[in-house]
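Peer 1: For the sequence shown, position 210 (counting from the first letter as 1) is numbered 210 according to the numbering used here, and the numbering increases by one without interruption.
Accuracy of the hints is not assured; some may be wrong.
Here are the computed lysine-lysine pairs in the BS3-like style, where the Cα-Cα straight-line distance is at most 27 Å [unchecked claim]:
{"id": "1", "residue 1": "K102", "residue 2": "K335"}
{"id": "2", "residue 1": "K368", "residue 2": "K399"}
{"id": "3", "residue 1": "K335", "residue 2": "K384"}
{"id": "4", "residue 1": "K295", "residue 2": "K102"}
{"id": "5", "residue 1": "K196", "residue 2": "K278"}
{"id": "6", "residue 1": "K384", "residue 2": "K295"}
{"id": "7", "residue 1": "K368", "residue 2": "K327"}
{"id": "8", "residue 1": "K190", "residue 2": "K102"}
{"id": "9", "residue 1": "K220", "residue 2": "K335"}
{"id": "10", "residue 1": "K368", "residue 2": "K314"}
{"id": "11", "residue 1": "K384", "residue 2": "K220"}
{"id": "12", "residue 1": "K368", "residue 2": "K413"}
{"id": "13", "residue 1": "K413", "residue 2": "K102"}
{"id": "14", "residue 1": "K384", "residue 2": "K399"}
{"id": "15", "residue 1": "K220", "residue 2": "K196"}
{"id": "16", "residue 1": "K278", "residue 2": "K295"}
{"id": "17", "residue 1": "K220", "residue 2": "K192"}
Hints are computed from structural coordinates only; laboratory data are not their basis. A quick note: this is a predicted structure, and the numbers were derived from the prediction, not measured.
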Amino acid sequence: MNREKQKKEQKTFEYIENPEQIEGFDKIPVPEDLDQRVRAGIEEGKKRRKKIAFRKTAKVGMGMAAAVALASVLCISNPSFAAKMPLIGHIFEQVENNTSVKGDFSQVAETLTQSTENTADQKADKTVKNADSKNGNTGIDDDSEVPADGAYTKTSNGITVTLSEVYYNKNAMYIAMSLYSEEPFPEDIKIKDHVKDYILDFDQAAISGENTFSFMPDEKTFLFNYMEGKFVDDHTFAGMLRVDLSSLETEPTDTFTCHMALDSIRFDNVNFTVADEKIYEGNWDFDLNVKLDTKDTQTVEVNEVNDDGVGLEKVVKTRYELRVYPKDKSETDGKYYFAEVFDANGERMDYAGDITDCRQTYGYDTSKVNIYLCDEDEYMNELKGYYFSEDYEEKKKTKTYEEYIAEHAVYHKEITFDK
1 MNREKQKKEQ KTFEYIENPE QIEGFDKIPV PEDLDQRVRA GIEEGKKRRK KIAFRKTAKV
61 GMGMAAAVAL ASVLCISNPS FAAKMPLIGH IFEQVENNTS VKGDFSQVAE TLTQSTENTA
121 DQKADKTVKN ADSKNGNTGI DDDSEVPADG AYTKTSNGIT VTLSEVYYNK NAMYIAMSLY
181 SEEPFPEDIK IKDHVKDYIL DFDQAAISGE NTFSFMPDEK TFLFNYMEGK FVDDHTFAGM
241 LRVDLSSLET EPTDTFTCHM ALDSIRFDNV NFTVADEKIY EGNWDFDLNV KLDTKDTQTV
301 EVNEVNDDGV GLEKVVKTRY ELRVYPKDKS ETDGKYYFAE VFDANGERMD YAGDITDCRQ
361 TYGYDTSKVN IYLCDEDEYM NELKGYYFSE DYEEKKKTKT YEEYIAEHAV YHKEITFDK
């Protein structure tokens, strides 16, 4: 994983949570202080260790969004080459390399189909012209195929939400989605298009609502997650939503149903202020039949602590993520620890999304990983700066980041996985 890319993403949270530092869209400062993003992840780790079953998402300044809609033909690859293909059923192909959790989702995902009575309708002449296409404003022939409401397509208040493809494992549900608006999306919510040197590879929409799982039917789990993707045209936003399963109070069964009730969609504005957010409210309800992919999941039970009461409960590796479960006395002594994880080649593994206890596995050699737990305050005030410093490339010639972390860690464990 590219260190400069990690460095940029580390800066994201503070960069957006301090809009007063932005003097102009073409002159956006990137503060050197990384604390806000990292602290956001640490706070999430604390909550998860206490088994609170909802996912705190750090404020990356995009807004609340629920899911999405529909469809279209999409210009891909070279901007000068309008190679079109249907969007629904192919969203992962378009976004899987430009999200905070990367992977070959398109190779393993299940494509969802609508109910029988609606499927035929969708394959018939259910195509409408985007308003801007009719007026010639998009620069391309921008037809959008708008499915009728069905099992995985719901319309409310002018917003059509379509669940396109899904992949499930022990850590999370990954849902490729499309959001279609009858009215064109405002230009000023298209952050990547209008903010120079924007440091993320994707636009975002925050989705809120609640989930009900069949293995814990009496509890509703709060849903607030970011959908990461791109604007396909003036009416369509497509991307991936990650719904965490690793922090639920009850461990998921291998098969279960999930009732997903979405009620709000929020996009941030180029001003990065709450007052300028674009909010869509409605009711989009879906029922998912979930079957977890367990063949690529390995769990290593550790269950050990050192003399200071710090250690690991277990480590769970799936196809795309590695989840660390620390053990400590935080409930009694209030001390927390930050996990740094390195692959078999000594590469620091980047976060999977915005949670520090979850690391990406795609693109890393995870036959062996080294996990180090560091005092949170020391990590925030000193240790992280070694890796993200401007002169790290020179410093690592004498001491790598892993060697530096190893000198300061209060606990270390090497974990070996089957390839």
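Peer 1: Now look at each hint and say whether the structure bears it out.
Peer 2: Here's how the hints hold up against the structure:
1. K102 / K335: 32 Å, violated
2. K368 / K399: 21 Å, holds
3. K335 / K384: The hint holds at about 18 Å.
4. K295 / K102: Holds, because 19 Å separates the two Cα atoms, which is no more than 27 Å.
5. K196 / K278: 20 Å, holds
6. K384 / K295: 35 Å, violated
7. K368 / K327: 21 Å, holds
8. K190 / K102: Holds. K190 to K102 sits at ~22 Å (cutoff 27 Å).
9. K220 / K335: 30 Å, violated
10. K368 / K314: Roughly 15 Å separates the two Cα atoms, so the pair holds.
11. K384 / K220: 37 Å, violated
12. K368 / K413: 11 Å, holds
13. K413 / K102: 26 Å, holds
14. K384 / K399: It holds: about 14 Å lies between the C-alpha atoms, which stays within 27 Å.
15. K220 / K196: Given that 27 Å is the threshold and the Cα spacing comes to 40 Å, the pair is violated.
16. K278 / K295: 41 Å, violated
17. K220 / K192: 34 Å, violated
The structure fails hints 1, 6, 9, 11, 15, 16 and 17 (numbered hints given earlier, in ascending order).
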